[in-house]
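Undergrad: Protein sequences, first through last, are from chains A and B. FYI, the UniProt record's numbering numbers position 214 of the first sequence as 214, with every residue one higher than the one before it. FYI, the UniProt record's numbering numbers position 187 of the second sequence as 187, with every residue one higher than the one before it.
Be aware that a few hints might be false.
[Stated by the list, open to error] Sample of chain B residues lacking proximity to chain A, with all beta carbon distances greater than 10 Å (derived):
#1 PRO5
#2 GLY90
#3 ALA91
#4 TYR94
#5 LEU96
#6 ARG98
#7 PRO99
#8 VAL100
#9 ALA147
#10 ALA153
#11 PRO237
#12 GLY239
#13 PHE249
#14 TRP261
[What the hints assert, rightly or not] What the simulated footprint calls covered on chain A by chain B, stretch by stretch (three residues with Cβ under 8 Å from a Cβ of chain B suffice, anywhere in the stretch; the number is not a length):
#15 9 to 16
#16 46 to 54
#17 150 to 157
#18 249 to 263
No lab work stands behind these hints: they were computed from the structure. Values in this document were obtained by computation on a predicted structure and should not be read as measured data. We treat Cβ as the ideally placed atom computed from N, Cα and C, and that holds for glycine.
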Amino acid sequence: MQPPFPAPDAITVKNLRKTYTVREGGSWRGKTREIVALDGISFSVPKGQIAGFIGPNGAGKSTAIKILSGILRPTSGEVQVNGLVPWTNRVAHVARIGVVFGQRTQLWWDLSVGEGLALLRDIYSVEPERFARNRARLADALDLGGIMDQSVRQLSLGQRMRAEIAASLIHDPDILILDEPTIGLDAPSKLAVRAFVHELCQDRGTTVLLTTHDMHDIEALAERVIVIGHGRILADSPFEDLRMTTLSERILELDFHGTPPELALPAGAVETARAPHSLTITFDPRQIPAPALVAHVGHLSGLDDLRISRPSIDEIITRFYADHAA
Amino acid sequence: MTLRPYLTAFGLQWKIGLRYRIAVIAGLVAQMWFGAVTLMAYASVYHAAPDVQAPLSLRQAMTYTWIQQSLFTLLPLGCLPAIGDAAKTGAIVYDLLRPVDMWNWWLSATLARLLGNAVPRAILLACVAGPLAMLVGLGAWSLAPPADMAAAALSLLSITLGALLSATIVMWWNILTARTLSPLGSYAVGTPLAVLLSGMLLPLPLYPDWIRPFLLAQPFAGITDIPIRIYLGTPIPGGAVTGLGLQLFWLATLTLLGRLWMRQTVNRLEVQGA
């Protein structure tokens, strides 16, 4: 089937709309109502990019991910992934993508990790040499050596997630879709998953679409964040840009060995908290640059220490959602 | 199109079926028990009314029961357990993410699971109820050999079709499970239908005259009843060919309609989300 428009990018989405019909009341004569999950979104992801896809629960992220995976049909709009329309070329499409749903398992509980991978080799018709190469590479990168012979039901969550990621990559997909891959993982496992995805992108040019509620995943991995809310794209930019436009303020904390003095602060800086031995000042670096503010307070008597910090990514996102009533 | 994914699905479920050895032994004991009780009931009924011309002789009724018991796990009682689990956990979306024909993929797994359960039990029970029972002097209660060579060969062909037919009916339960996202409905519908209509509860030839043609013509008769009739050499109106023909007819019909239903179900999952 001829693609409806030429797409040099790995993923191209145009005016994607999806509405669900739900029955209300549950009775025979229950009225039906339309819920708009995606209200005409457009974006594209070039080959080899890691794009973060974030938004509050119910924003439409999962719907978009399912459409891109080929398991959900949109109401209208155009999508191309690897030059294929996911829902019209399902079999050809799914052969070239890898998908991990963090809350579901694609491995077989009754089998060992190694047996599961061998099963996927047969499902995706991976040639034996390529399979051996990929298996060795993934076992090494994801530290699966010790668990290859363990049955999946015995794995810890962290081990299972590493095995899941290996399972999604055994057939060398061009595109990897990760839906909350770090959910429930401990810190070392999260770091291992992030490091692996980063390398995958760098070394093999795999395009990665990542959804997560862990903003540190986004900070560590995504060159770009697409924020979705109420079925629309609220922002699509590098993360730094989002920070600048949403919550550019910085925080200056001052410690004193006596009672903090009363301060006359320059425009753009305000005192936001006062404790027996410390002061917190919030400032906008566009109005008063950090060096100027530090120079302003640096000569205060009794000053022991000072620190400048930025709002955490969680605070930024919370503010962003609040600003957009998402 | 390559066969490998389907052979792999078959191999996996076959292995899982064989893994539960304790279940095989437990099932064997239960089926021996039910078989023995049924046999005693037949014996007293037949002896109480020696003048009645029954459609099956006592010996045939006993053999029917043994074969039926040994093939109990071949019946389409509900969906494939793996599909039931996947429906409950939502992992069923991964089945849509595989580059395979869903019908053949599930059918291979289903057939393997049925055979993996049924074949070891059938062989064991046939040995115990057949040669072993004769050796210990219970010959009158044992599984009789097939009527003749032709009956042996044709019943083997027929039971193969029966297994395929059963797997195809289980496919309907699988689709029902995928639609309702719960395996319970398939068992609620499947178990009574299969037990009653396959002849497990009472051999189909023993039902009253007027209802027998309908019982023979419905799809569940093709799983074990028709193969057993061919084995016993008891008349099927029109002969063994009619029996095999009925099996083929249902196999083709249920496959065709089932594939359409599956197509529609996958579309619905794609439209409404899993």
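Undergrad: All hints, please: hold or fail.
TA: Right, here's what the structure says about each hint:
1. PRO5: The claim is violated: B:PRO5 sits with its nearest Cβ about 5 Å from chain A, within 10 Å.
2. GLY90: Violated, since 5 Å does not exceed 10 Å.
3. ALA91: Label violated. Min Cβ-Cβ 5 Å, cutoff 10 Å.
4. TYR94: 4 Å, violated
5. LEU96: 4 Å, violated
6. ARG98: Violated, since 5 Å does not exceed 10 Å.
7. PRO99: Non-interface label on B:PRO99 violated, nearest chain A Cβ at 4 Å vs cutoff 10 Å.
8. VAL100: 6 Å, violated
9. ALA147: 41 Å, holds
10. ALA153: Consistent with the label, B:ALA153 stays out of reach of chain A, its closest Cβ about 34 Å off (over 10 Å).
11. PRO237: 44 Å, holds
12. GLY239: 43 Å, holds
13. PHE249: 30 Å, holds
14. TRP261: 18 Å, holds
15. 9 to 16: violated (count 0)
16. 46 to 54: violated (count 0)
17. 150 to 157: violated (count 0)
18. 249 to 263: violated (count 0)
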